[in-house]
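Both chains are sitting in their own frames, so use the hints and assemble them into the complex.
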Amino acid sequence: MSRKILEVRGLSRIHGKGCPLCTQHTGPEFDTNICPFCGSVVAAHDINFDLYRGEILGIIGESGSGKSSTVKMLYFDDAPTFGQATFFDGAEQHDLFSLNAAQQRSMRNKRFGMVYQNPHMGLNFQISAGGNIAERLLMSDLKHYAEIRRRAGELLSRTEVSLARIDQNPKTFSGGMQQRVQIAKALATRPPLLFLDEVTTGLDLSVQAAILDLILEIQNELDTAMIVVTHDLGVIRLLAGRTLVMKHGRVIESGLTDQILEDPQHAYTQRLVASAL
Amino acid sequence: MNSNYELPLEDAGYSFGFLDEYAKKEVRRCILKAIAIPGYQTPYASREMPMGRGFGTGGLQITLSLIGVQDTLKVIDQGSDDSVNAVNLRQFVQLTCPGVDVTEKTEEASLLQSRHRIPEKPLTEAQILILQVPYPDALVVVEASEARRKIMHAEADYSRLLVKLYEDIVHFDEITISHRYPTRINGHYVIDPSPIPRWDVPKLHQSKALVLLGAGREKKIYAVPPYTLAEPLVFDDIAFRVEDFRDATGVRHACRCCGSTVSFLDEFSNDQGMVAYQCSDSAYCEEQQQTGSAA
Chain A
0 MSRKILEVRG LSRIHGKGCP LCTQHTGPEF DTNICPFCGS VVAAHDINFD LYRGEILGII
60 GESGSGKSST VKMLYFDDAP TFGQATFFDG AEQHDLFSLN AAQQRSMRNK RFGMVYQNPH
120 MGLNFQISAG GNIAERLLMS DLKHYAEIRR RAGELLSRTE VSLARIDQNP KTFSGGMQQR
180 VQIAKALATR PPLLFLDEVT TGLDLSVQAA ILDLILEIQN ELDTAMIVVT HDLGVIRLLA
240 GRTLVMKHGR VIESGLTDQI LEDPQHAYTQ RLVASAL
Chain B
0 MNSNYELPLE DAGYSFGFLD EYAKKEVRRC ILKAIAIPGY QTPYASREMP MGRGFGTGGL
60 QITLSLIGVQ DTLKVIDQGS DDSVNAVNLR QFVQLTCPGV DVTEKTEEAS LLQSRHRIPE
120 KPLTEAQILI LQVPYPDALV VVEASEARRK IMHAEADYSR LLVKLYEDIV HFDEITISHR
180 YPTRINGHYV IDPSPIPRWD VPKLHQSKAL VLLGAGREKK IYAVPPYTLA EPLVFDDIAF
240 RVEDFRDATG VRHACRCCGS TVSFLDEFSN DQGMVAYQCS DSAYCEEQQQ TGSAA
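Residue numbers (numbering that gives the first Met the number 0), protein chains in the order written: chain A, 0 to 276; chain B, 0 to 294.
Here chain B stands alone, though its shape is the one from the complex (with noise of 0.2 Å):
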């Protein structure tokens, strides 16, 4: 953003938080019915948001619903703080809720708005986290209409998602969904829990705090409560895992920065095709790297 623009919050009439009232009040109804039926996606009037379709609109209309003056918010995006749509959002939000707090650290925040993670730190009943949703529906892979879709999810008609888990054993030898895996929540509807990766979806088992998913340009809001049942779709016999990072003779790779070895890492391959490891949490690496107490 130019950093010479600032937006005419009064001459524009902007009330706080980007929407009128109406819009704000409209969503956190929906996060309600949302909470109410974990798991379903409840449809909302997706408002234009001024940014791109896909950009977290979705998330950003739940987080600025919620906002209230006495609120920290972090952005994440892929882990990281400073990453280009990280701080955009960010900037943003502190532009139009004057008096709002940012922070980076994990503990600090109550709320989270973030794309693609879930911080490693454990969070707490008193935070929420937003994550950003591009597709909404876990069946959109195994079943075209919409309308179908509906009557799956009413009947907790899964078989079709498991067949298709059925044929990644048939031909991989194990289930190769990396992020976006099928979460099944409170025992009913299966969502898509962003494209987090497989490593975070534990973390929405019984999570402390609330979990709240908005696709903006899909229009829906849906929600994990806390201590909800949150179960990954799999077979009776064959368990669900998690990436290990382990190399061929089976040692696990640590962060090139912090050392930590019990944290998801992202890969990097240098122009000599030296691949590194590095934490993807960019919070909790620093921390690590502060305290020097990296596992």
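This is chain A alone, in the form it adopts within the complex (with noise of 0.2 Å):
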């Protein structure tokens, strides 16, 4: 059985009306994403790669460069201008874009799961920790009350939170708690493809390492796949096996991490790494 899971093809993302020059006349060689005749915004273009089980996948490059609307148009949280993906999740195979609306929510609540940098777009703050990842667990059909807590005190354990907090409201944790809540609710249906925005933007440097840690042990515990999404090199060097740089909605270079930190070829990544160095 192939370990593939995701397959992206031509996937692109026009914000506006669009013309037929937009693409050809915005990337990297313009130095804009903006189309000059019709001001459309070209977030994505021609986006290209495959994702393997277990594998994470790092997306990095500076703010507006495409990065996030990507993982947005595979999260179903905005619809592509046009591209396919494909699914594969076990013997199924999906076409992301052509499932319905009420397949695609099926599909985000019980096979993805989604951190996204600012915790208030992951977590609901009306309710419990555990009421957090007792609310994925029921989207999944789970209706045992005395096996959703486990559960959720199982996840929270694993990511490191105090069972002692898990009744308690996620607005009297820390950032970093918070994050770590959000991984825990993410993981509560087991999802063989989880996206990571930025999770560790605004994090002080121990909390980032504890949260990267983390994720490397769920990645091997679970085999998860994941894409992580960041403008910081450090969290790449760190999780991610390969690597697509994204410059003004294009996909510039993309390879193995540790090529394209030691030998960057696009000029743009080359000052990317020498900045950092």
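Calculated from the structure, these hints are not laboratory results.
Warning: the hint list may mix true and false statements.
[What the hints assert, rightly or not] Below, in silico cross-link-like pairs of lysine to aspartate or glutamate (EDC-like), each with a Cα-Cα straight-line distance of 20 Å or less: (1) A/K3 with A/E54; (2) B/K120 with B/D235; (3) A/K170 with B/D167; (4) A/K109 with A/D77; (5) B/K163 with A/E54; (6) A/K142 with B/E173; (7) A/K109 with B/E154; (8) A/K142 with B/E230; (9) A/K142 with B/D236; (10) B/K163 with A/E146; (11) B/K207 with B/E230; (12) B/K163 with A/D140; (13) A/K142 with B/E166; (14) A/K142 with B/D172; (15) A/K109 with A/D222; (16) A/K142 with B/D235; (17) B/K207 with B/E124; (18) A/K142 with B/E242.
[To be verified] Chain B residues, not near chain A, derived (Cβ > 12 Å throughout): (19) P49; (20) D80; (21) E124; (22) D156; (23) T175; (24) V233; (25) D243; (26) D246; (27) A247; (28) G249; (29) R255; (30) D265; (31) Q271.
This one's a predicted model, so the numbers in the text were calculated from it and none came from an experiment.
Glycine included, C-beta positions come from ideal geometry on N, C-alpha and C.
Below, the structure is given as structure tokens:
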């Protein structure tokens, strides 16, 4: 059985009415992603990659380069202008953008996980930390209270959140702890594919390190495939086996992370690596 | 209502049942749709009634659309036939539906319009229970957007309601919903069964009578057809329980009038702080007193 879990081909997102020249007159060589003819923003264009089970793929680039747009489309937060994504779920194969809205929601609730930069987007701050995890479990049709409590406790322990705080509201938690609850929530249904969008941004270095260790442990333990979006080269170096470098909505370089960091080919990547070192 | 006032039925050209025939037909069509899709909130063109929204206009429009001269009507409010709301609604129907009989006895009625209670006496296949509903959507407590609620209903996604129950158990060791208990009808739609107490929720399950629920202000009608599943939303390992009216020693309170220990009780406190209990269903209580057969 193939270990491929996701195949993305020609994924594009244009904000605005768009014109036939949009994609030809934007990109790194034009140093803009705004079409000079119609003013549309080419957030992402012609993104292609494969992702394998248990693999961590990094997407790096500056603000506005299209890395978050790419993940948003794959998590159904936004619809692509064109392109295809195929999700391989065991023996089943799903063309993600051909699914209807209900199927997309089901896929999102049961087979994908998402950890946002801002915990307010991923957590419900009206309910307890355990309640947040329970919500995911209930969505996947688990209706046994004791089992939900057990699983929520297990997940919080796994993400190093004290069990004593399971019934407390996450708004009383520190930023790092909120992020760990978010990870626990995303993992509740044991999704084969997890998206992490700038998960360590805004956290201090020691907390960042703990979160990154946790992500690596989870990857080893559950064989979860992950797409990590970041502008931090350190995160990419630690987590990702392969990396896409994006600029102005285009992938300008892709390959093994070590190769990209040690021997960057594109001028932008060279500047990025040099500035970090 | 002013006892000297008579509705000028002929002068004003009111049709039987106050509503014009077209309006009644439209309501009946919505009722049919509601019966065909148990628990689904059918939108309808709720008419202006000569009373404020929230005073039972939804239930009243259903009653007026269904009632005929052969019908016998019973109107109750919080279990009582004599409360202001019940008396006024009954008088209004008597004024606008000449020839219709009214009764206080549950078994005599063919149509029962009720606010917040289901009678203690089991209903029959020949009866229709009409419940007045203030808030038709059970999801409104967890989701403000009606568009999103519609999607959640369509996909039978009630996980957020269950999270509310989860939070209740976590914080209070039990589900604290006392009325409007979310109830799943026919295995799909979860309804707000109107503000009936938990005590009445099991009466919806496989009910012999047709139960119609009308929300005039929110312009929705929904139904629990006869012999239909009506299951309160619960976890697999935590059973639904109704009010037990037991004191600290575990003894069940009895009605101060008829002595019943098997009915839903209202609690009264007097000026001295003494607490007493009395049947909420006044017709049932009177019957128990007359027959002297209280349990």
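Hint by hint, here is what the structure shows:
1. A/K3 with A/E54: holds, 10 Å
2. B/K120 with B/D235: Judged against 20 Å, a Cα distance of about 30 Å means the pair is violated.
3. A/K170 with B/D167: holds, 19 Å
4. A/K109 with A/D77: holds, 18 Å
5. B/K163 with A/E54: Cα-Cα ~36 Å, so violated.
6. A/K142 with B/E173: holds, 16 Å
7. A/K109 with B/E154: holds, 14 Å
8. A/K142 with B/E230: Satisfied, since the Cα-Cα distance of roughly 14 Å is no more than 20 Å.
9. A/K142 with B/D236: Cα-Cα ~8 Å, so holds.
10. B/K163 with A/E146: holds, 17 Å
11. B/K207 with B/E230: At roughly 16 Å apart (the allowed maximum being 20 Å), B/E230 and B/K207 satisfy the hint.
12. B/K163 with A/D140: It holds: about 16 Å lies between the C-alpha atoms, which stays within 20 Å.
13. A/K142 with B/E166: holds, 14 Å
14. A/K142 with B/D172: Given pair A/K142, B/D172 holds - Cα atoms ~17 Å apart, limit 20 Å.
15. A/K109 with A/D222: holds, 16 Å
16. A/K142 with B/D235: holds, 6 Å
17. B/K207 with B/E124: holds, 5 Å
18. A/K142 with B/E242: violated, 23 Å
19. P49: Its Cβ never comes within 12 Å of chain A, the nearest being 41 Å, so this holds.
20. D80: Holds: least Cβ distance 40 Å, greater than 12 Å.
21. E124: Non-interface label stands for B/E124: nearest chain A Cβ at 33 Å, farther than 12 Å.
22. D156: violated, 7 Å
23. T175: Correct as stated: the minimum Cβ-Cβ distance to chain A is 15 Å, above 12 Å.
24. V233: Violated, because the least Cβ-Cβ distance between B/V233 and chain A comes to about 8 Å, which does not exceed 12 Å.
25. D243: Holds, since 21 Å exceeds 12 Å.
26. D246: Its Cβ never comes within 12 Å of chain A, the nearest being 28 Å, so this holds.
27. A247: B/A247 clear of chain A: closest Cβ-Cβ about 27 Å, beyond 12 Å.
28. G249: It holds; B/G249 is separated from chain A by about 25 Å at its closest Cβ, greater than 12 Å.
29. R255: At roughly 38 Å from the nearest Cβ of chain A, B/R255 sits farther out than 12 Å, so the non-interface label holds.
30. D265: holds, 32 Å
31. Q271: Non-interface label stands for B/Q271: nearest chain A Cβ at 40 Å, farther than 12 Å.
When held up to the earlier numbered hints, the structure conflicts with 2, 5, 18, 22 and 24 and fits the remainder.
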